[in-house]
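Sequences and hints are given; from them, build the entire structure.
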Amino acid sequence: MNGPGAPADTLRWRPLALLLLGVGSLLLVGAVVVRSPVPIFLALPLLLAAPAAAWGGPRSAPRLRVDRRVEGAGADVRVVGTVDASEVADARDLAVALERPPGLAPTATAIVEPTETAFRFEVRWTAREPTVVVVPPPRLVWRDAAGLVERAAVVDAEPLVVERYPPELVRVGAIRLRRTVALPGETQSTRLGSTGEFHGVRPATATDPPRVINWRASARAGRLMANEFELDRTGDVLLLLDARGSSLGPAVDERLLGVSRAAAVGIADSFLHEKARVGVGVFSEFLDAVPLSTGRGHRLRVRQCLLGARVGPADAPSERAAISVSRYFPPGVTTVLFSPLIDPEATDLLLFLRRRGYPVVVLSPSPLPLLAEGSSLPADDEAIVARMVALARRTRIARSWQDAPTVDWPDYWSLGHFVEMLRRPAVRRAG
Amino acid sequence: MSVRDPSRPVRYPPLATNALVGLVGGFLGYLTGLPDLAGVGVVLAGVGVAAALRSQRSPRPRAAAPVPLLLALAFAALACPLGLVPELAAGAAGLAFLVWLADDPARFPGGVGRARTTLLVPALALGIAWASSLILPATAAPLGVAAGVLVVALAALAYLFARPSLFDREGAATY
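Residue numbers (our numbering), protein chains in the order written: chain C, 4 to 434; chain P, -6 to 168.
For the record, the hints were derived by calculation from the structure and aren't laboratory data.
Using N, Cα and C, we set each Cβ at its ideal position, and we do this for glycine too.
Don't take each hint at face value.
Said to hold, decoys possible - Here are some of the chain P residues that sit facing chain C, going by a computed Cβ distance under 8 Å:
#, residue
1, GLU80
2, ALA118
3, PRO157
In structure tokens, the structure reads:
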């Protein structure tokens, strides 16, 4: 039957088919017992329905093309998609299962509008806080109209990423950063894309894709010529995420890391758009680093690294983080440290980084809004507790200011203060 | 964290298929000849309970909806006396049950039309079986022979159910 070793895309009997088989068999036995053919006539349709449904359905796993896109702005996330169901007899026989990524809350019932050859679906979610998550492709199952058999479809869909971060980060890339390379001004680069100024043509190499080939110049020269671009580096920035666990527990830690991840993606995108070099480090137990670089390919590497960040153990030493950072990144690079600064060990990291010559600006997502969500105290007690926790938080932020400028971030959808601080180089380099 | 089967508005119980299975099943119940139309009552009660379960929003009661209807029809078929008309009524009740299954209010409308194969193949087999019992001369066969034939048929069905890959067909390697 539907054994555990069966391939996922093979035909599966649904429980209803097994029910009909069981009742039909019992009717046959009953017919022999009561010596009457009447139950056999009732059993006949029940026994034959499931094989007939299997015979009438797709004989192999249908390949379905799914086109999806993300719509909406701010906290509103809408995923709209279309399934090309031309490989199945009728799109209305498809059942869709949409997995909701963590960090997104449902706001409305999913809409599914089928026609005979395709169907459109729309899901509405709300981002509770800034987030960057991958939306898994929908799982599609062909199911016969009577609900007796089913067969999983092979879904062909591009990966889809939902990015929601504070809007101020769009313009943070315009800030002039400190250079850490001895190449002021424009620097020749062979990177592709619309960024950068046209520099000239050169003989093409085997690794050049068709889009960089200058076909007119190739026709004139009689051999393939490629375009070269120059990139104007505005400076370097290192985004360092402290992904160590804290005393607040894994659930809160994961959400705080998600907020930091979203901000890091926003800042990286903005600086990469301005052709700056961006490096990323995620320190959980060890450092996961993407060295300083720029370009479209680097944007993907940065995003991949940030999406893979997970909360690590709480007892990873801060000095290890600082030493690891110094192996990947040159001293003097402007460093944005994302840390909730909950435990004293997290504050020590600032000191170690400063000693190794990294000017650090700390962006500290505050845990207070998350803690207030789960409170079950009466309103008066809750107000007192909130004031005390806020005072403790303020004290911790003030202490961290001794080592580096620190921006407390309680309102996750706004980063105006942080952008203003980055605009003031004197403050930024105070570390 | 997952939303399975994005819920689509549950339609009101489909009156036409409920009436069909109630009518055909009720006739089968009438043929049982039980006093005070008890057979009709049992079948109609089964139809009512099944329709009520099917109109629930929760998936678990909806999944259990066919059970009372099946039990009611099975009771009526077992209680029916011998005869060509009860045989025809039992077969028609089985087909009506399949029609009722295909018209699921939780799924997109038009299920009966899409379940053509599921309905036509059993209908064809039923027609052949009933025609053979109507037209062909029959003699009293030993009970053991009938039971043996049924066991073989059941074994064939069990083999089919145990190997769903028999319905698979490899896709072409080239197009």
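Using Cβ atoms only, decide whether P/GLU80 comes closer than 8 Å to chain C, and label the hint accordingly.
This hint holds: P/GLU80 lies near chain C, its Cβ roughly 5 Å from the closest one there, short of 8 Å.
P/ALA118 as chain C interface residue, shortest Cβ-Cβ below 8 Å:
Constraint on P/ALA118 satisfied, holds at 6 Å.
- Message: Would the hint on P/PRO157 be counted as holding, given a Cβ-Cβ threshold of 8 Å to chain C?
- Response: This interface hint holds because 4 Å falls under the 8 Å limit.
In summary, the structure agrees with every hint in the numbered list given earlier.
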